[in-house]
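Asker: Whenever a hint applies, use it, and build me the whole structure from the sequences.
Each chain, written out:
Number of protein chains: 4
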Amino acid sequence: MIKAGIVGGTGYTGVELLRLLAKHPDVRLQAITSRSEVGTRVSEMFPSLRGRVDIEFVAPSAGALSGCDVVFFATPNGIAMKEAKALLDAGIRVIDLAADFRIRDVGVWEKWYGMQHACPELLEDAVYGLPEVNREKIAKANLVANPGCYPTAVQLGFLPLVEAGLVDTDHLIADAKSGVSGAGKKAETGFLFSEAADNFKAYGVAGHRHLPEIRQGLSIAAKQPVGLTFVPHLTPLIRGIHATLYAQLTGDADLQQLYESRYANECFVDVMPSGSHPETRSVRGGNVCRIAVHRPQDSGTVVVLSVIDNLVKGAAGQAVQNMNIMFGLQEASGIDIVPLLP
Amino acid sequence: MIKAGIVGGTGYTGVELLRLLAKHPDVRLQAITSRSEVGTRVSEMFPSLRGRVDIEFVAPSAGALSGCDVVFFATPNGIAMKEAKALLDAGIRVIDLAADFRIRDVGVWEKWYGMQHACPELLEDAVYGLPEVNREKIAKANLVANPGCYPTAVQLGFLPLVEAGLVDTDHLIADAKSGVSGAGKKAETGFLFSEAADNFKAYGVAGHRHLPEIRQGLSIAAKQPVGLTFVPHLTPLIRGIHATLYAQLTGDADLQQLYESRYANECFVDVMPSGSHPETRSVRGGNVCRIAVHRPQDSGTVVVLSVIDNLVKGAAGQAVQNMNIMFGLQEASGIDIVPLLP
Amino acid sequence: MIKAGIVGGTGYTGVELLRLLAKHPDVRLQAITSRSEVGTRVSEMFPSLRGRVDIEFVAPSAGALSGCDVVFFATPNGIAMKEAKALLDAGIRVIDLAADFRIRDVGVWEKWYGMQHACPELLEDAVYGLPEVNREKIAKANLVANPGCYPTAVQLGFLPLVEAGLVDTDHLIADAKSGVSGAGKKAETGFLFSEAADNFKAYGVAGHRHLPEIRQGLSIAAKQPVGLTFVPHLTPLIRGIHATLYAQLTGDADLQQLYESRYANECFVDVMPSGSHPETRSVRGGNVCRIAVHRPQDSGTVVVLSVIDNLVKGAAGQAVQNMNIMFGLQEASGIDIVPLLP
Amino acid sequence: MIKAGIVGGTGYTGVELLRLLAKHPDVRLQAITSRSEVGTRVSEMFPSLRGRVDIEFVAPSAGALSGCDVVFFATPNGIAMKEAKALLDAGIRVIDLAADFRIRDVGVWEKWYGMQHACPELLEDAVYGLPEVNREKIAKANLVANPGCYPTAVQLGFLPLVEAGLVDTDHLIADAKSGVSGAGKKAETGFLFSEAADNFKAYGVAGHRHLPEIRQGLSIAAKQPVGLTFVPHLTPLIRGIHATLYAQLTGDADLQQLYESRYANECFVDVMPSGSHPETRSVRGGNVCRIAVHRPQDSGTVVVLSVIDNLVKGAAGQAVQNMNIMFGLQEASGIDIVPLLP
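Protein chains in written order, with this note's numbering: chain A, 1 to 342; chain B, 343 to 684; chain C, 685 to 1026; chain D, 1027 to 1368.
In short, the hints are calculated from the structure, not lab data.
Fair warning: this is a prediction, and the values are worked out from it, not measured in the lab.
Hints are supplied without guarantee of correctness; some may be wrong.
As the list claims (entries may be wrong) - With a straight-line Cα cutoff of 30 Å, these simulated DSBU-like cross-link-like pairs (lysine-lysine) come out:
#1 C:K707 <-> D:K1049
#2 D:K1211 <-> B:K528
#3 B:K527 <-> B:K424
#4 B:K527 <-> D:K1211
#5 B:K365 <-> B:K427
What the hints assert, rightly or not - Here chain B is said to cover these stretches of chain C; the calculated rule only asks that three of the stretch's residues, wherever they fall, bring their Cβ under 8 Å from a Cβ of chain B:
#6 850–860
#7 889–895
#8 927–935
#9 958–965
#10 985–994
To be verified - Far from chain A, by Cβ distances over 10 Å, these chain C residues were calculated:
#11 P709
#12 R725
#13 R736
#14 P744
#15 G747
#16 R777
#17 V790
#18 G791
#19 V811
#20 Q908
#21 Q941
#22 E950
#23 R979
#24 P980
All C-beta atoms in this analysis are idealised placements derived from N, C-alpha and C, irrespective of residue type, glycine included.
Answerer: Take a look at the structure:
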């Protein structure tokens, strides 16, 4: 049994990790830390876990996580970069669900995240945890940077086209829509029910932190810098991301075949039949990305539709997937969940 | 492995049964029938099941279900009463998720359901499938009438008080609120998103079919006829029932203790701590009923709050629980699911 | 033209007052104050008002509201009681949308609101602004306590029965459901979209501040103290209150006739035909209370359904109605709005 | 007073027309026809209109609409083309809210709408009712083709760029999101609450009927055929369209200035300040299109955000605006409504 710890865990990625780990056949949840909730039972904060998770939040002191084989950071940005080193030095493997280790260029990171990086020396060893790209590296990694939610949906949607060199990578467009849980559990006016329900809006058009992360991943795939316009939107659903991707074709190919081949061996990417329109609810609660590829009116514009549950394949589920790979477990262990529909 | 068949299964209780059975460790899904969808792959109708359920709907002909150990009817009212007999005669056990066998008094049934009962002779053998009341009978039953969603939430909420003779059973009040999936997947104007979203209303105040079912169960518990006012409401959530129950106390007791004792051995009834307000989302996707009991301002009025997921503990989950009991499996097998929150 | 001022006004009752006053033919909006938003254009905070309201928030200094004929307090509880006196002394009439002057018994108020009342000497002159009860007094009032949202829906629903002495007033039950805007625009975790959407729960079962307000109003109508169990619930809609009221009949009467007579001359109370189920959306954005009265199964229990828009008839609309009465305007002036459906 | 009639009117554009006309100071609603609802009171079907609209649906016979000055068709596609001629011949002006007269090329229309056009000879006289483009022609028109909801939002968003010749019109992209009321009030499974709530999906990627309509309008503005990729999505809100538009700049200009100039004299187009993100709720219930223009990261890609209420500026409100223009009334008469927020 893998002994797992969680740092943070009072937010939505935290409760989702707990949901998954509570039923993971190969994992024992050892400890969960929270500065603000010491002594609170996890199941008191999240009644959905009553009878499933019987531990309390403990203080993030030195010893709390000793004895763990792996520690997940379900913290705001800027925490893991301060605390990961000590854990790694103690032989504990680390999976960061925040953004601290996602961007290889520390200057870019510091510009977009507005703080100084506390531990740039770890960036080289950190592996970007998108299994469909980095599975072998993840297996050997001690520190995994779990991808952002938008970057997971957008990269998985664009990768086959970009890797195959079939599109103009100077003018990629990603029009992405996210459910409100992507904003986390912070109490902010803009995410109140009465503000976000029955409402739709774009945000961050001038620039969003996931832009450099997506650009980094697609540039590696393209073997050259890509140009990307990324427009995120807030849509009134709890869970779910729908990315609508646009690119100009520069070559010819059977796009359906291209996608099916690329993901033939991926258990968590589902290429839907030609003509499909994936729905976010078809992945609600599940660790899967469903993709459909279109070429409307046989024009030169390809349209890719890509959906995930932002808290599962876009966060906690992918983190568990990475853990499974790191420890040589069945990749689907504990995350082989049928989505909840309706 | 239990071999299971489903009759119907194109509606919400159907897809929920499929979600649960697809991962049940002791069950193999043998066949699913549908008159209208013969040849359609189940996963085409319900994309959430892609990669999980690989069978097609077949015609409800004689042989389709032969070889099954158990058949679930996820059909409209009035189907199972015509088809159950043949299956039972063939030694197949039957669980009806519709209302055909729930009411023991055929006259009452015919009045409320507006049709003649096709098979009243089975009513005597049918067992009302509320495990918290009838576990022993269910274990031996060949035909189980799975309770309605409202009746499950209301009866589990009232039972401790009524069994203990602590309340005036002439004036029970059940103010119940249901998510829209309780209305099923039929295309009716009133359940369109644009009608039901951002809206709240009562319905069926003059009389709802679940009234006689609840009254029957509570009368058995009270050992005398009970008087019940039952007002159902439609609330804009997909899944969930919240029953708010009111009764006048006629005796004195530690109500918290009463409820905890009554359900001490029930794995799917969770009596919450004193002062709690159970939320429907705390049971979303899970097979549990959470209950809290209040006595506001120390008055003579007791208020019980009872929540379930109408599609799980209120339908498919309870059906699987009944199957587990009937076949001597672990009662929680396949339905030991952590609810999805948020 | 009446010159109106608003104190507060950054919350939902504030923006709703602005929506109504912006189009009121007899009112000129003179000033709006806010401690935190001095200098912000109103239409910057509320883009729905772009092109309609061209003023800025000003500091709540002495002179800001001089010259007004009437001032609305759209503030949290505890502000109006400190500031109303000075305005009244300056000959300005005051309408408080908060709770400061709603309860006549200062001890009761202080117990439920948890603070000392700053101006109990005004309580005697304050008029409870429910026009259907106090129209004549409102016309002459200088200080009007605008009713709470739940109290408006519950009192209008119960009044005909209680005034006629037809029900047991020791055991009234009000099961009320509110949209989330009733909680205001404060950033609190519990009212986030991801917490409140697709969820239903009771709250404050042990005691809610609107209980003594409702009890006061119904006791006056009954000419004796009433016993009331009041259970509020949070339901995922933005606007709307649905009160389901239960009482035991002690006398006999044509209930439909009773309600129609009681409200025959009320332009903002709509008694629906017998058998109706009023929907919250049928009053969305309008200043009307729709009521239906039922007696299910001819039992001794009467069930009343009462719906309002909590921000209109439950707050800002009723405040404008009170202003119209106070200044001898047409009672419907500026609030004669057709609800928005769908 | 203009005497107005409505053909159809049992759907959402119908009830919205009724809401607007009920309060229009210059209009008297003379008759409303419906084949299926003859004799039903309008306010029985739409309780929001109780006390506001006192007429019944009448049969669509010859005389029903005689005496009207203007008739609105709030019917499915294919009705107005059969009935408009007789009305026009009788000197009654006609505004069709459906698509029958929107496309000038009858072949294109017949291909996309899948039926033969019953009255192509009227197409030449029909004026496309987008006031911001065709105000003068509308003033003189006897037959106005009211634009579709998507086409209104997309054209108003693109027009300044296209008219100014500043973008590559071969590769325009319109990623549009609509609330569910856009699908009308037909009972279809896909638009049930339990299907459309908490869900997001694209649809019609291969081709949507609004594509040729948008292309026609933009081609006229560009004075050459344009290439457009149009992807509509269904988002869980009742009302609202959010169009996110992408184009490659071919020239240089102050885009903010360009938009503000273009719409300087338009009372129903609101160009928001630079950097804005218009929300659909800021136009809920109002007849306004709010637009913001962005150029993220100073790239060559311009991003335009355009929001409308699909039932108002996208349907009934624009129809009334057209009527006002046709009859020389104040253009804002009866539609000068403050949007409902929250």
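Asker: Work down the list of hints and note, for each, if the structure agrees.
Answerer: Hint by hint, here is what the structure shows:
| no. | hint | verdict |
| --- | --- | --- |
| 1 | C:K707 <-> D:K1049 | holds, 13 Å |
| 2 | D:K1211 <-> B:K528 | holds, 15 Å |
| 3 | B:K527 <-> B:K424 | holds, 22 Å |
| 4 | B:K527 <-> D:K1211 | holds, 16 Å |
| 5 | B:K365 <-> B:K427 | holds, 29 Å |
| 6 | 850–860 | holds (count 3) |
| 7 | 889–895 | holds (count 3) |
| 8 | 927–935 | holds (count 3) |
| 9 | 958–965 | holds (count 6) |
| 10 | 985–994 | holds (count 4) |
| 11 | P709 | holds, 29 Å |
| 12 | R725 | holds, 18 Å |
| 13 | R736 | holds, 19 Å |
| 14 | P744 | holds, 21 Å |
| 15 | G747 | holds, 30 Å |
| 16 | R777 | holds, 30 Å |
| 17 | V790 | holds, 32 Å |
| 18 | G791 | holds, 34 Å |
| 19 | V811 | holds, 30 Å |
| 20 | Q908 | holds, 39 Å |
| 21 | Q941 | holds, 39 Å |
| 22 | E950 | holds, 29 Å |
| 23 | R979 | holds, 36 Å |
| 24 | P980 | holds, 30 Å |
Every hint, counting from the list given before, is met by this structure.
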